[in-house]
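A.B. asks: Protein chains in written order, with full-length UniProt numbering: chain A, 1 to 697; chain B, 1 to 212.
A hint or two may mislead.
Pair by pair, the computed Cβ-Cβ distance ranges are [unchecked claim]: (1) A/Val435 / B/Asp36: 53 to 63 Å; (2) A/Tyr662 / B/Pro33: 38 to 48 Å; (3) B/Pro33 / A/Lys608: 32 to 42 Å; (4) A/Phe416 / B/Thr49: 53 to 63 Å; (5) A/Phe416 / B/Lys53: 52 to 62 Å.
Derived SDA-like pairs: lysine to any residue, alpha-carbon spacing no greater than 20 Å straight-line [stated by the list, open to error]: (6) B/Lys56 / A/Asp467; (7) A/Lys549 / B/His35; (8) A/Lys458 / B/Gly44; (9) A/Lys549 / B/Asp28.
Just so you know, the hints here were simulated from the structure itself, not pulled from any lab data.
Ideal placement from N, C-alpha and C gives every residue a C-beta, glycine not left out.
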Amino acid sequence: MSESDDETAFASADEGEDKKSKDTSSPKSKEMKSSEIEQKKDIEKKDTGQKKQKQAPKNKKGKGSNQTSTKEARPALKSSPSQSVATSPKPDVASSSNPDISEAKKESSPKPVGTKEDNDLKVGEKTVTESRTPEESRSRARNSLPPESKADPETDKSETLSSNITAQKEPKDAGASEKTTATQVQAESRPNTETQSHDVVKTPEKQDIPRGQVDRSQQQEQILQNLGATAEKSSRGGWGWSSWGSTILSAATNSVQTFTHQVGDGLSTIIDSVESSLGIPDPEDVAKDKSATEAGQSPADTTSAITSQPEETAAVESENVKTQATDKTIDKEPESTEEEEKKDKNNGGGGWFLNWGVSDLAKKVTNTGKSLASKGQTLMSEGFDAVENLAAGGIDVLETIGKKTYNTLSEHDPAFRKTRDFLSPKSNKPNLSSVLREAKDRAEQEAEKVKENEEAMKAHFGTLFDDYQGLAHLEALEMLSNQSEKKVHSLLNSLSSKDLAEIKPLLISIKETFSVQEEDESAADTDQDVSGLVSQCLAQLKLGTASDKLNTVLEMVRQWIADTQENQEKDSIKDVHQKSIQALAELTAKGVEQFHKAGELILLEKNKENDFIEKSQSLARLTSVLCHEIGNLATRFVACLNKMAEKQENPDEITQFVTNIYLEATNSSTYIQDAFVLLLPVVQHAAIEHSVLFRES
Amino acid sequence: MSYAYLFKYIIIGDTGVGKSCLLLQFTDKRFQPVHDLTIGVEFGARMITIDGKQIKLQIWDTAGQESFRSITRSYYRGAAGALLVYDITRRDTFNHLTTWLEDARQHSNSNMVIMLIGNKSDLEARREVKKEEGEAFAREHGLIFMETSAKTAANVEEAFINTAKEIYQKIQDGVFDINNEANGIKIGPQHSPASQSLNVGGSGGNQGGNCC
C-alpha cells in the first residue's frame with residue numbers, strides 16, 4: 001500500500017463514514033450519540049493518518065514495503081474496525097470475501113473484555129433494537145447483512161473465540177466466551193430468539209459500539225429472525241442431539257483451550273505489563289486488527305454492492321461467500337470443528353441437524369474424536385497466530401521507541417558524537433596483554449617497594465635500635481626510674497627532718513653530677529682510648545658486671561671502620577651509610593642497656609662502702625665518653641664517605657648520607673643522655689635506702 | 001617488619017627453672033645448657049602470625065633471683081601475657097607458684113593472660129611434679145597449662161603462641177582496650193615504616209627518620 005493509496009483510503013473512509021452516519025442517523029438519541037462518537041473517531045483517525053504520513057518516509061527507508069504497508073494500514077484499521085470494513089480500498093476482492101464475516105468479526109473481536117460500560121450500552125442497544133420497527137430494521141439490514149444469515153451467530157462465536165485466543169489476553173474471559181459459545185449453539189437450536197439476540201449483543205467492544213449499534217441492531221434483527229427460522233427447523237429434526245453434541249464439543253474445547261490459555265497466560269501477563277507500560281495498543285486491538293486485515297480483503301463498499309442486489313440473491317450470495325470465508329479461516333481459526341458444523345449447517349441448511357439426529361452414536365463419537373484431533377492441530381497454529389500478532393504489535397512498538405529515541409538523540413546531539421562515545425568507549429576498552437603487563441609492573445613495583453622497605457629498615461636507626469633491644473632497655477629503665485622516683489618521694493616523706501637534713505647534701509650533689517656532664521664535652525680527645533675509658537668507668541661503678549658487651553661493640557665498629565678505609569672500592573656509599581647507622585644504633589642500644597643494668601645493680605647493691613657520688617660521676621663520665629665516641633664514629637664514617645665521594649662522578653650524592661649520619665649520631669647521644677638522666681632517681685633512691693639501711697645498723 | 005599488634009610478655013618464676021632458655025629457644029631456636037644469671041631483665045622479640053595478622057611478641061625475661069624481685073616487680077606492669085614457669089624436677093619451684101602468681105596479679109593488669117609452664121619435661125626421670133598437679137593448679141587459678149622442654153623445644157612454640165592466641169581472642173572480645181598501652185598491647189606502626197620508605201625512595205636515599 002503506497003502512501004497516496006493510504007491517503008485515498010482515508011479520504012474514502014471519511015466519505016463513507018459520513019454517508020454511513022447520515023444513513024444511520026435516526027431520531028433515537030442513542031444513535032445520535034453514537035454518530036457523534038463516530039465523528040470523533042474520524043478526527044482521531046485523520047490524526048493517525050497524518051502521523052502516519054510523517055512517519056512513512058522513514059519506514060520506507062528501513063523496512064520492506066510489505067511490512068511498511070501492513071504497518072501503515074494498521075492504525076487506520078485500528079482506529080475503527082467498522083470503518084475500515086466499510087472503507088477498505090480493495091473492491092476487486094469483493095467477490096471472494098464477505099462483509100458479513102468482517103461485520104461478524106467486528107462484533108466478536110472485542111468480546112474478551114466485557115466491561116460494564118459495554119454491557120450498559122449493549123442493554124441500551126438492545127432496547128433500541130427491540131423498539132425499532134421491523135421494516136426499518138429490515139431495510140437497514142439490507143445494507144449490512146443478508147437476510148438468511150442463520151449461521152451468522154455461529155460465525156460470530158467462532159470468530160469471537162478465535163479473536164479471544166489470538167489476543168490471549170484474558171484466558172478466563174476467553175473460557176467464559178467459550179461457554180457463551182456453547183450456550184449460543186444451544187440457544188441457536190432453541191426457539192427462544194430473545195436469548196440469542198442477547199448473546200450476540202453481548203459481544204461488542206467499546207470501539208465498535210458507535211458503529212456497531214446501528215449496524216448490529218439491524219443485523220440482530222436479521223439474525224434473530226433467521227435464527228428463529230433455523231431453530232424451528234433444527235428443533236424439528238431433534239435439537240436435543242445437536243445440543244448434546246455441542247455440549248460435548250464445547251466441553252472438550254474448553255478443556256483444551258484452558259490448557260492453551262494457561263500456557264499462554266504467563267507470557268501474555270508479561271507482555272501485557274510491558275505493553276501497558278509502553279502504551280502499546282491492546283492485544284484486543286491487535287486481534288481486531290487481524291480480523292480487520294482479513295476483512296480488508298473484502299470489497300470497499302460491500303454494503304452497497306449487496307444492497308444493489310435483490311434481497312434473496314444477496315442472501316444466497318452472502319451464504320456462499322460466508323462458506324468460502326469459513327473455509328479460509330478454518331486453517332487459522334481454532335474452532336474448526338464448530339466451523340465444520342457450521343459449514344455443514346450452511347450447506348445443508350437444517351439437514352445437518354437432521355442427519356445428526358438420525359445418525360447413530362458411534363458416528364458421532366468418531367466425528368467428535370476427529371474434530372478433537374483437528375482442534376489440537378488448530379490450537380497449535382492458533383498459538384502461532386497469537387504470537388505472530390503479538391510480535392507484530394511488539395515490533396511496531398519497538399519501531400516507535402526507536403524512532404523516538406533517534407529523534408530525541410538527534411535533537412540534542414546532532415552528530416551523535418556524545419552518544420557514540422558513550423556507547424562505545426574505545427579508549428576504555430581494556431586489552432588483556434596490557435592488563436597483564438600492568439599487573440606485572442605493579443607486582444614489580446610492590447616487590448621493589450618491599451625491597452626498599454627492607455633496605456630502609458636496615459638503615460633505619462629507630463628500627464635497628466629496637467632490634468638491638470635498646471628501646472626495651474630504655475623502657476625498662478624508664479619504669480625503674482619512675483618506680484625509684486616514687487620511692488624517693490615516699491622515703492623522703494617518711495624520713496625525719498634530721499635524717500632529711502643529713503641526706504639532703506648527698507642527694508643535691510648527686511643531682512649536680514647528673515647535670516654537669518654537658519660541660520666537658522670539648523675536652524675529650526678524638527683519639528682517646530674509648531675502650532679503656534669505658535672499662536675504667538664501669539670499674540669505678542663497681543657493679544661487677546662485665547663491660548664486655550659495650551667494649552665488644554666498640555671494638556667491632558673500630559675494626560669495621562678500619563676495614564672500610566682500607567678497601568673503599570668494595571663497598572658502595574649506601575653500604576657504608578647503612579653500616580654506620582647500624583653501628584651507631586648498636587652502640588647506643590648497648591649503652592642504654594649498660595645504663596639500665598647499672599641502675600638495676602646500683603639498686604641491688606647493699607655495700608656499706610657505697611659512694612653514690614663517685615658512682616654518679618662514673619656514670620656521667622661514661623655518658624660523656626660514649627657520646628664522644630658516637631660523634632667520633634660519625635666523623636669517621638663521614639670521612640669514609642667523603643673519600644668515596646671523591647671518586648664518584650657526582651659528589652653531591654653523599655650529602656644526604658652524611659647529613660643522615662650526623663643526625664643519627666645526635667640521636668644516639670640523646671638516647672644515651674636520656675638513659676643517664678633516668679638513672680638520677682635510681683641513684684638517689686639507692687642512696688636514701690643505703691643511708692637508711694646503714695644508719696640503723 | 002610491620003606488625004598489627006605488639007604483645008608484651010613477661011616470663012616469671014624461680015631462678016634456674018629455665019626462663020631464659022625458653023626465651024632463647026623461642027627467639028633463636030637454640031638451647032644453651034649453661035646460662036648466665038639474668039640481671040634484672042633481658043629481652044627477646046619474635047614475630048608470629050595469628051589469624052593472618054602479624055604480631056610481635058616483646059618478651060621480658062626477668063631475673064628469678066629473690067634479690068631482684070623488687071626490681072622485676074616494676075616490670076610486670078604493662079604486660080599482656082605472663083609465662084609462669086616452674087621446674088618439674090624441683091618441687092620447690094612448684095610450691096613457689098602461689099607467691100609468683102600473687103605478685104603477678106598484684107603488679108599487673110587483671111586481664112593479663114597467664115600461662116603456667118612446667119619446664120624441663122625432657123627430664124622425665126627426675127620428675128618431682130606430676131603433670132596432673134600442674135593441671136590442677138592451672139585449673140584452680142584459671143591459667144593455661146603446658147609442659148615444655150626448652151632443651152628439646154617441645155611445646156615451646158605452642159606455649160608462646162597459645163598465650164598470644166588467648167590475648168588476641170580477648171582483644172576480639174573487647175576485653176582488652178588496645179588503645180591503653182598499660183594493657184601491654186600496642187597497635188603496630190603499620191604505616192610509619194612504609195611512609196618512611198616512600199620518603200627514602202622519593203628523596204633519593206634520605207633515610208632520616210628522626211625517631212625522637
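A.B. asks: Let me make sure I understand: some of the numbered hints might not hold for this structure. Which ones are they, in numerical order?
C.D. replies: Those not satisfied: there are none.
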